[in-house]
Each structure stands twice: as structure tokens, then as C-alpha cells.
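With the hints as extra help, turn the sequences into a complete structure.
The chain contents come next:
There are 2 protein chains.
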Amino acid sequence: MSSPDLQLARRTERLKSSLVRDILAAAARPGMISFAGGLPAADLMPQLPLEATAAPALYQYGTSEGEPAFRTAVAHWIGETGLQVTPDQVLALAGSQQGLDFAAKLLIDEGTPLLCEGPTYVAALQVFQLFGADIVCAPLGAEGPDLVALEHLLATKRPRAAYLIPCFQNPGGACYSAAARVAVAELFDRYNVILIEDEPYRSVALDVDHPMTPICSLLKRAPWIYLGSFSKILWPGWRMGFLAAHPALMPHLVRLKQAADLHTQRPGQAAVAHWLNSDTRGRDLERLRAGYRVRRDAMQAALERHFGAIADWQMPRGGLFFWLKLRGELQATRAMLDRALEQGVAFMPGEAFFAQPAEGHQYLRLNYSRATPEEMESGLATLARCIRTAQDLQSRPQPA
Amino acid sequence: MSSPDLQLARRTERLKSSLVRDILAAAARPGMISFAGGLPAADLMPQLPLEATAAPALYQYGTSEGEPAFRTAVAHWIGETGLQVTPDQVLALAGSQQGLDFAAKLLIDEGTPLLCEGPTYVAALQVFQLFGADIVCAPLGAEGPDLVALEHLLATKRPRAAYLIPCFQNPGGACYSAAARVAVAELFDRYNVILIEDEPYRSVALDVDHPMTPICSLLKRAPWIYLGSFSKILWPGWRMGFLAAHPALMPHLVRLKQAADLHTQRPGQAAVAHWLNSDTRGRDLERLRAGYRVRRDAMQAALERHFGAIADWQMPRGGLFFWLKLRGELQATRAMLDRALEQGVAFMPGEAFFAQPAEGHQYLRLNYSRATPEEMESGLATLARCIRTAQDLQSRPQPA
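Here the protein sequences come in this chain order: A and B.
According to the working numbering, the stretch in the first sequence is residues -9 to 390, in order.
According to the working numbering, the stretch in the second sequence is residues -9 to 390, in order.
Hints are supplied without guarantee of correctness; some may be wrong.
To be verified - Simulated DEER-style distance windows between Cβ atoms:
hint: 1; chain 1: A; residue 1: Pro237; chain 2: B; residue 2: Leu9; range: 43 to 51 Å
hint: 2; chain 1: A; residue 1: Ala238; chain 2: B; residue 2: Gly131; range: 39 to 47 Å
hint: 3; chain 1: A; residue 1: Val172; chain 2: B; residue 2: Arg4; range: 45 to 53 Å
hint: 4; chain 1: B; residue 1: Pro241; chain 2: A; residue 2: Asp328; range: 17 to 25 Å
hint: 5; chain 1: B; residue 1: Asp12; chain 2: A; residue 2: Asn182; range: 54 to 62 Å
To be verified - Some chain B residues judged to face chain A by a derived CB distance under 8 Å, without partners named:
hint: 6; residue: Met35
hint: 7; residue: Leu40
hint: 8; residue: Ala42
hint: 9; residue: Gln255
Calculated directly from the structure, the hints in this document are not laboratory data.
Everything numeric in this text was worked out from a predicted model, so none of it was measured.
Glycine included, every Cβ here is placed at the ideal spot set by N, Cα and C.
Next up, the structure:
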């Protein structure tokens, strides 16, 4: 078969080979210790209510919006965060990534300015860039964005929408303070910026000392899309997520769902609704969080041993990641990756999480939810050695 | 909450309220006899292999391409059609509608000329139009397109791609002859048109007297995407489909899958792979087809009784629909819909299936797979009365 002369849509030029895909492929090799991915701990998840998925009534096509039982249960679940929505405002998704695809279709023309956090979720960057967004990054601290910088960007770049992950941000681990949430909502109302608020990690809260009211619930004027996922707490292989949205956006989003895949698979909706309505939900989540706390603390201890002298970080209060900034003048963490992979350790270099990769050169992201304590100990020792070697090479005089 | 001042992407202006959605909503009202939708007969489907979906290994995230077992089983399944593909050329989809979304993202810029059959699948039209395609329709007969008209369109409109449903076309019921398949492949090779071949109904073949070799397998030069669905034979509520593609397109399609929803739910892939590898597959399909044949024949008999004098049609040799052309000078079938719905009968007016709605005014599509014989009898009698009434109104002199 000869190689064809391909004429594709312009957007495919922005569909670059993904560094992240390549790393995850390498990380899946046998014997590799991987801190690279974001796989949750499937062994901490509740058992699937299989009988709820078995009803022959679920064989037939369903509705684009989702099952009434699912939408009702999810509306209650969202309400517990402080964001009050009706079931009519809920759309069942095949994972919350699908909500990013719909947000991009709904909001982004080629060249549309879109505000993100810097750093931000890599697969969100990919889909927004695929649709041609002009990404503007607001610098992010541990308690939320720099508000002066944020307002300056809103005033000068006039983004149509903003994409935020205010709870245990991926990759940085930031959790917006109560005050930051109020301030950001006021700014978005003032500049009429549509908010896409993504909360995959809300239920993986390990130590939280302030209310995490969704920013969507604080908006008075600006429209919003709220994205949620069950993939960190319930069977990610089943691909179950949801969005809730301002009523003015819902009709568009339902049509986008219909055009994308008609509707979300019904057995997964039944299983999630069953769990949401179950007596065991609170216990299941406590058990999950307790397991994550043990792993997070083990990672913190191993990092202190091996990275205490070469990097800075804040212990994450939730979510699945540590975000480290290496000290000193160094080559980019990306350049250390090949050596680390050779030595059997995978991590995610910081550049993947920025629209401008150079902003991430000093950073690396380490997942703590998959490795055993032994793997953490030996994997982090190896990784630290790789970094020290890179530092030595860097500081050695170059041959003339 | 005040109604916001919405700035959305330009494509949302093409995301019109769907006539089809409105009709299906009306058709779902209690007591309605519906010939409108395309719901397959869930009662004829094999039992779900529930135990195959239950493995805790399926809880975790999977790969964007799909499960190896699914891709291998589907590659064999596709091979039985005459199209030889490797598992690497197979991508698991959340239903074949998702393949249309990916084809649109891959191929369509605003204004890209795209060839479709006239009439064609309404939800394909929707997604292609959402992405801004300039739809060009090739007139379709019972055995395939008018080849002279097709070549004229290829030469003058230079479509980048073509979307065809060569087996038991929805809505028209056409099944391309062996000669038409060869001729179309030669034309697409000559004009280097990327073929999107959609085959949701291949397994619902009731009376076929010629090979239905996929056109993709006859192409020598032009790239192609082959879409398949399990929704007509296995549990559509589980949303399982697939695509296979020319090797040059696969890397793009896998990245589009990752950006759209990371991957297809794994338990559904496991269930389908289990069925594809099962001993009962042949018997299951024979039972399904036998059930459809009974319903199709009952519909044909009822149509002959009630529509023999007012419409023309060909009995479908497969698929789920009858496609009727009303005789005489009439108002559009769309205009008869409200009266029919009032009388408790739903159908799909022809205009929904054309890029230029006027081309469909004389047509209506009737699904035969859901109604009981009693519902067919009374529903078609009512519908024929509605049409005769419309004819009488039409032929009556207008008041001065």
C-alpha cells in the first residue's frame, strides 16, 4: 500500500506527538518504577456493584443527557460541595476529559484567548490547543493564582474563558484558599469570563483546613461549566464523569454530547448511581483517603531523604502528585528523563504542563499513588542520583 | 441568575436544535406508536456475558487504542467482511458515532467540501456541519450512487473526503452492488478522496444475494476510515463500536481518541471480545436476523395494505428502515408530522436526511424493529389516513 498524499484539517498540525504518551509507554515497560502517570490506586476502590449493571433494561439506547437516576444522584453529590444544581443541569460524561472536548467545541475558535493556570493539566492543554486556543497562563501559587497578574491578564488579553483546577491542582498541588476563590469569582464576573472548573481530585482530600467551595457557586454573572470525575475514586476503566453547567449552556452541551457519541454508557451510570446512593459511600471514601495518606506520607519521607538537598516542594494536601522544583542552575528536567528511564525510573518533566515549555524546565511531577514503599525508596534514590549526575555534568567545564 | 452575555465559538451557530431530537422526544410519550427512531430490538440480542465485565483488572485506566483482546477479536471480525486489517489498525470507540466526530476533527476545516449520499444519516450530517463541512450530496439509487453524477461531483467539487453507508443505507435502504463498489473505489482512487465507510447495519443482513465487500478493501491509493458498531446486535446502551483505518491515519486517530475521552470503557470491550470469541456467535446472529425478518415482513404486509395506493418503496434487504416516497404533488411530509403525532403515531420526515431539506419533502422513514404487529397495523392505518387527509386538503380549492 503506497503512502497516500494526505490532505487533513489544519487542526491536525496541532495534534503533536505527545511527550506524555511516549513517557507513559516507556513507564509501562516491565521492571520500570513509574512516578510518571496519574493512575489512582485501584486496590483502594470500592467493589463494583455488578448486579446494578446487569439489568437488561440497560441494553437499549439511552438519552444524551444521561439516566435520570444518575443525574439526580450526581446533582446531590455536587450539592455537597456547596454548588447547588438541579438534575437538569447535569450531563453524564464518558469521563471528565470528555467535558474538556465539549468545552473546547463550545468556546474555542482559532485564536480565541483562553486563560489557564501555569502549570496546568497536560491533556487539557492538548485539547484546547487542538481547537486553536491562544493559551494565556496565570502564574499559580500554593493558595491560588497571583491576583494582580490574573487581573492584568484578564484586562489585557480578554480571554473568553478560563480553565481552573482549584482543588489539589494537577500538577502543582495548589488548593485555592477561601479568599482566593471569592476573589477569582469577582474577577470573572467583572470581566465576564466563562469558567471551566475541573475537580477530578476533590474527593482525594487528605488534609484540608478550609472550605473548598466551588468557584462556580460564587459567580453572579459569568457562565460556567463544572467538571467532575469518578475516576480517582471508582473504577476509572469504566470511564464515568459528569458536568454541570449554567442553564444557558446546557442545551448546547447536550447537543455536543449527542454529536460526539449519542450518550454515555448506561451500566456505568447505573453503577455510579448505586454507589452514590449507598450506605457505604462515606466509609469507602474514608478508607480510600486513609490509604492515600499512607502512601503520600511514605513518599514525603523518601523525598526528604533523597531530595531534601536538591529540590523544594510542598507536601500535597490532596490529589495524586508531588511537584518538585530543582535547586540551582540546571539543565531541563526533560534532558534527565532518558537517563532515568535507562535506570528504570519514570517521571514527568515539568515542561509538559506549560503552554511555554521553558517555564517548566526546573520542575518535575511525581505520582505517589502507585509505587510501593520499597519502590519509592529505590526509585527516588536512583532518580536523585540521575539529577546529581546531571548537575555535575552541568558544572564541569566544557571541553574547548 | 441573570441570563449571561454569551460569546461562544462560531461553530455553535451550526449546532441547531435538532428536529430529530424533538421527534424522538415526542415519540417517547406514553401511548405513542413510534416508527421514528432507530432503536434495535433489544429482546433479540444475546445475553450479556456479565462475568467478563467484572474483573477488577478492568477497574484501572486502559490504553487509548483499546484492549489488545478487543482489537484482535475485532480485526478478525472485520476480516470476515473481506477487509484485512491488523489489530494495530483497530481503535475501540464509544459507539461508531464517535468515529464520525473523529473523522470530522481529522478532515474538516470550515468550508471543506465533503461528499455524502443523498439522503444520508442525520447525525453524520449534524457532526460534519458542526465542523463547517460544505456538504455535497451524490444521488443514491437502490444499488448505489449514480456514477455519472458522482464523478461529476468529484471532478467539480473536489471533496476532500466522502461519507458512505454502502450496506442497508440509513435511511434509504440501498445496498451497493458488487459492481458499484468496484466503480466507487476506482473513482475515489482516481480523485484521491478519503473514504469514511460506515457499516452499522452489515450484521442486520436479511436477504443478500451478492458479496458486500467493503469499499475500503478495494481502494489502492485513497486513504480510508472504516466504522463499525455493535449497537444493532449487542447492547447499544453499552456504547461499543470501533474504527479501522489506513495506517497513515491511525496515529492521528489515536491522539484524537486520547483528547476526546482518554479511552473506551474497558468492561464493554471485554464483553464484546468475549462474545466475538464465543461459540454462540453464529447462532446469536441467526436468531437476531430471523427475528428481524419476521418484523420486516410484517411491516411490508401492513404497508402494502395501507400505503400501496399512496407511496412507493423497496422492501429493505437489511437494516432497520423502510424509506417511502409519497405519490403525487403533496405538502412536505414534515408538515404532516404534527397531525400524526396528535393521533399517536411518530415517523421521521425525509427532510432530516438531506443537506438541502427540500430534497426530502416527499419521503418518510419508518422503523420496523420496535413496533408489534398490532402496532404496525393500527399505526400505519392512522398514518395513511393522515396523509390522505393532507392530500385532500392539498387538492381542495383554496378559499379566495
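Evaluated hints:
1. Pro237/A x Leu9/B: 43 to 51 Å: Between Pro237/A and Leu9/B, where Cβ atoms are some 23 Å apart, the hint is violated.
2. Ala238/A x Gly131/B: 39 to 47 Å: holds, 45 Å
3. Val172/A x Arg4/B: 45 to 53 Å: Hint violated: Cβ distance 38 Å, outside 45 to 53 Å.
4. Pro241/B x Asp328/A: 17 to 25 Å: holds, 22 Å
5. Asp12/B x Asn182/A: 54 to 62 Å: violated, 31 Å
6. Met35: Check passed: Cβ of Met35/B comes within 6 Å of chain A, closer than 8 Å.
7. Leu40: Nearest chain A Cβ about 5 Å off; hint holds.
8. Ala42: Where the cut-off is 8 Å and the nearest Cβ of chain A is about 11 Å from Ala42/B, the hint is violated.
9. Gln255: holds, 4 Å
The structure is inconsistent with the numbered hints 1, 3, 5 and 8, although it conforms to all the rest.
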